[in-house]
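> The residues making up each chain are set out below.
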Amino acid sequence: MNLYDLGHVPWLDSQLIYHALPRLGLEGLILLAPKEPYVCIGYHQDVEQEVDLSYCRRQGIPVFRREVGGGAVYLDGQQLFYQLVLRRDRPLALGDKASLYRRLLAPVVQTYRDLGVDARYKPVNDIITAEGRKISGNGAAEIADHLVLVGNLIADFDYETMVRVLRLPDEKFRDKVFASLRENLTTLKRELGRIPPWETMTATLIRNFETLLGPLTPTPLPPAVREKAAELAAFYTTTDWLHKARRRPHKGRRVKIAEGVEVVRRVHKAPGGLIRATVEVRQGRIESAEISGDFFFYPAEKLAALEDHLAGVALEDAEEAIAAFYRAHAVESPGMTPRDLALALGAG
Amino acid sequence: MKIEGYEFPDDLWYDRHHNWARIEGDVATIGLTDFGQALAGEILYAELPRPGRKITQGRPYMSLESGKWVGHIKAIVSGTVLEVNEEIEFESRIINEDPYGQGWVARVRLEGQPEGLLRAGDPEFAALIAAEKKKHGK
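So the sequence lines, in the order shown, correspond to chains Z and X. Residue numbers for the first sequence follow our numbering, so the first one is 9 and each next one is one higher. Residue numbers for the second sequence follow our numbering, so the first one is 247 and each next one is one higher.
Each hint should be verified, as a subset may be incorrect.
Claimed, not checked - Per label pair, the in silico range of CB-to-CB distance:
1) Z:Thr345 / X:Gly271: 28 to 36 Å
2) X:Glu332 / Z:Gly356: 21 to 29 Å
3) Z:Glu207 / X:Glu329: 51 to 59 Å
4) X:Gln348 / Z:Arg121: 39 to 47 Å
5) X:Val273 / Z:Val275: 36 to 44 Å
6) X:Glu337 / Z:Gln67: 28 to 36 Å
7) X:Glu332 / Z:Val275: 17 to 25 Å
8) X:Gly251 / Z:Val275: 49 to 57 Å
Hints were generated in silico from the structure; no laboratory data involved. Idealized CB from N, CA, C, for every residue including glycine.
The task is simple: from the sequences and hints, build the whole structure.
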């Protein structure tokens, strides 16, 4: 199979080349990084709901919609991307999604291990450290009868800019997303205390992908791929494509941090008033909760205690936990039941 | 009837790409089969064709996303989309939960008769599902 080891390339090329290859019937493994940072949204996302477009415009940060799934991400030259394009009829490309991800990500897991990070695959598409922190983001698409897998080795990560480019309801929520990202997403630099040389990272990836794919032949990018990429650019850089998906706004905002970890803001209208809840959920359990709104809650100082009480509670048990708290502390909240609070937290 | 543990109602037509069609006169209601939704996994997003769009049997007409994986679904019939199930764009999981009921995808005014469709009771169909199950490790 051909290997296109391209180093740092103009940001648009870092997306267009893997979109072009399958359309030309070409397989290959592409390794690259963008020279300039940009924001990339998933195929089905509504860019206006996900990204602070005016901030990106002011900062000169381009925004791109990919054909691959997943969420909005901030990409830069500190992330080494692998983009694998395989014909869909290859035995290697058969199976259900979980087994395909497991198979195709095995070389990446091994690369992290070879670099000194005790990494493992976590279904469906994450690679995590022994402490459970995500250290690689991955997505896939079926393009022109090919399977395309894209993902990254994260050498370093700009957490501040990542949370700044997202469209979030307020600064408090932004702080929460930032804290959750810092806690749940790690990098080679944080794990090893240093960034391995670029050449070491690429050579290790190549060696491990050869175990899966067979010999990889370093190949210059064919002119036809450049031509197809230029042709695709005419479409993929249009406003129509970027704003393609319009979704009905959800009641609230959800930012997925890693598999099973998300920060959610919900608004629930109870008869006694509006409830706003910001919840960090990990594997179905409340990690932390903040509750506010224009409801009445007596004794008022018990609201913070209720938030503490909810830490560690499974979402499905939230209503019962709140009801128990009400009983223990003789809480009264006219027009707002434990069920209303549980609904605001995302239970039910 | 059940084939390999998956439900396939007797009154529907099926293709080889895990779609079903209920054909009434020149209008077909179409969707994903129970096996198709299981193969897709938990569906997070779906992008549906707009009413008025012409779709062609065997050609992609909608996309689904599960596990950050975007796949394209081939149409079971040819024709003009009359109506789509907008609920799916809001809550795509109803395809997983009720593929033959609330999870219907579109109604299509047929252009020509679809070719090669099968009934759940056809031995060829049971063999197809068994082979697909083995191929995809379901």
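> Report the numbers of all earlier hints that the structure fails to satisfy, in ascending order.
1, 8
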